[in-house]
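Protein chains: 2
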Amino acid sequence: MSPHAFDVAIALAPQGDGVWQGHTSPAYANMIGPFGGATAAQALNAVLQHPGRQGEPVAFTVNFAAALADGPFLVYARPVRTNRSTQHWIVETRQGEQTVATATAVTALRRDTWGATEVPMPDVPRPRDVAAPGRKGSVEWFNRYDIRFIDGGFPPAWDGADTQDSITQLWVRDNPARPLDFASLTALSDVFFPRIWRRRATMTPIGTVSMTVYFHCSQAQLQATGTGYLLGQAQAQAFRDGYFDQTAQLWNEAGELLVTTHQVVYYKE
Amino acid sequence: MSPHAFDVAIALAPQGDGVWQGHTSPAYANMIGPFGGATAAQALNAVLQHPGRQGEPVAFTVNFAAALADGPFLVYARPVRTNRSTQHWIVETRQGEQTVATATAVTALRRDTWGATEVPMPDVPRPRDVAAPGRKGSVEWFNRYDIRFIDGGFPPAWDGADTQDSITQLWVRDNPARPLDFASLTALSDVFFPRIWRRRATMTPIGTVSMTVYFHCSQAQLQATGTGYLLGQAQAQAFRDGYFDQTAQLWNEAGELLVTTHQVVYYKE
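Chains as they are written, first to last, in my numbering: chain A, 11 to 279; chain B, 11 to 279.
By construction, these hints were calculated from the structure, which means they are not laboratory data. C-beta: ideal position from N, C-alpha, C; glycine also. Check the hints yourself; a few may be wrong.
Unchecked claim - Computed beta-carbon distance windows for the label pairs: (1) B:Thr92 - A:Met41: 22 to 30 Å; (2) A:Gly236 - B:Ala21: 26 to 34 Å; (3) A:Asp175 - B:Asp156: 31 to 39 Å; (4) A:Asp169 - B:Ala234: 51 to 59 Å; (5) B:Ile42 - A:Gln174: 14 to 22 Å; (6) A:Ala167 - B:Met213: 31 to 39 Å; (7) A:Gly144 - B:Lys278: 44 to 52 Å; (8) A:Gln174 - B:Gln64: 32 to 40 Å; (9) B:Thr92 - A:Ala23: 23 to 31 Å; (10) B:Glu279 - A:Gln229: 42 to 50 Å; (11) B:Asp161 - A:Ala234: 31 to 39 Å; (12) B:Ala21 - A:Asp169: 52 to 60 Å; (13) A:Val18 - B:Glu263: 30 to 38 Å.
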């Protein structure tokens, strides 16, 4: 059996001393450069692969400095502080002499505590009752996900009408299905199409500049989630002078909130 | 006239080549180490002071690796990528050989575009109609802010009752008043007391591990906001296995959304 396209995409060859070599993947190509979720997952994967890593990811921020050129890249992952139960990482992804992405991560040994969720999973139809889009995506990475829009899918017409809100709800999993892990969950955090396209029914050029992922889940919980669908919900809070934000949540089918994630995105007009 | 305590707290002495020396400030002391908002503002200030800076802050993430010891620290701010309209920064704050905070920032030259806000300012009483807390804060930094709780202030009793939600709404500005800028806005993003204290009416030990600030405002807008109050609203989305998140917004009195901000916080139990 050939490996899953996502595993190919995030594969890193150790170069010693916290340096890994990866390669952009045509399977995750975006309009210009690769899908940001793949670039994010590659950066986090260097932390996950690091022999000195302690604990599981709690917080991860990636900044997209430039579109990656097709080809190899190096990821530099450096644990800058190791405490008793937390560890802090600085990550840089480079092509040649150029930095193409920066990231920071916090990993931690988590303990069982009191817990609660304040954003309940929205009441939505089950994945099997929601139609998958009939057409292929216009960008390749979109075909790597089984996305079922519940509400706020692509506008029926790109007519520039202001729809007054930017909410999208969807079910999503890797296509073909793949057991969930921290790397794929990171990529899935970037699976929403640009909120400004949703809000304005206009395909203005965009580019995510920074994304933060907070993990509210353990490895065991991800294993239990397995190849199930995730419910994603995303909305912008503000569009102003060329940048908008997006705030999003990902739940598993059991209704557990796995991730809260935020990003800020450049838009042209 | 003596300088404002906040200006003293974020003052940095250039050491050459992107390195600055600062000093922790007793005026912003927290239970252990300084107020995280001050540490965040100091790190951002190194970017703001950098002679090579291009544009204004759009995204800023700071990771708190350790409580700072009282005394001097060095901030290392490095522009790792400068594009036509965006610039990417890696920042480290160190004491001796130890990294105490890491940060990344994106600064950008912003252009006038179509804009909208999807989270309207809540309908609340004006600042002058909301009482300031009568008592001094138990930590010094709290006295550096004029905070007027509208809803979700400190629990009337620390009795461990689960209040079922963690929302707080407050008016806030520096005390004494100080014209708003990107550094003070960064500190103000961390002004909310821990959501778990609010939710559970229990002062369990906590520590913010990572905070992200998205700026939806220009320098001109901050100048126009001046010494006015900001309306802050904060809520946790999930408390799980020792970490909870907080998502928050800050509006000026004119109802403009200046900041959306997120953090993840360790809690003991």
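Hint by hint, here is what the structure shows:
{"no.": "1", "hint": "B:Thr92 - A:Met41: 22 to 30 Å", "in the structure": "holds, 23 Å"}
{"no.": "2", "hint": "A:Gly236 - B:Ala21: 26 to 34 Å", "in the structure": "violated, 53 Å"}
{"no.": "3", "hint": "A:Asp175 - B:Asp156: 31 to 39 Å", "in the structure": "holds, 34 Å"}
{"no.": "4", "hint": "A:Asp169 - B:Ala234: 51 to 59 Å", "in the structure": "violated, 35 Å"}
{"no.": "5", "hint": "B:Ile42 - A:Gln174: 14 to 22 Å", "in the structure": "violated, 46 Å"}
{"no.": "6", "hint": "A:Ala167 - B:Met213: 31 to 39 Å", "in the structure": "violated, 54 Å"}
{"no.": "7", "hint": "A:Gly144 - B:Lys278: 44 to 52 Å", "in the structure": "holds, 51 Å"}
{"no.": "8", "hint": "A:Gln174 - B:Gln64: 32 to 40 Å", "in the structure": "holds, 35 Å"}
{"no.": "9", "hint": "B:Thr92 - A:Ala23: 23 to 31 Å", "in the structure": "holds, 30 Å"}
{"no.": "10", "hint": "B:Glu279 - A:Gln229: 42 to 50 Å", "in the structure": "violated, 22 Å"}
{"no.": "11", "hint": "B:Asp161 - A:Ala234: 31 to 39 Å", "in the structure": "holds, 37 Å"}
{"no.": "12", "hint": "B:Ala21 - A:Asp169: 52 to 60 Å", "in the structure": "holds, 53 Å"}
{"no.": "13", "hint": "A:Val18 - B:Glu263: 30 to 38 Å", "in the structure": "violated, 53 Å"}
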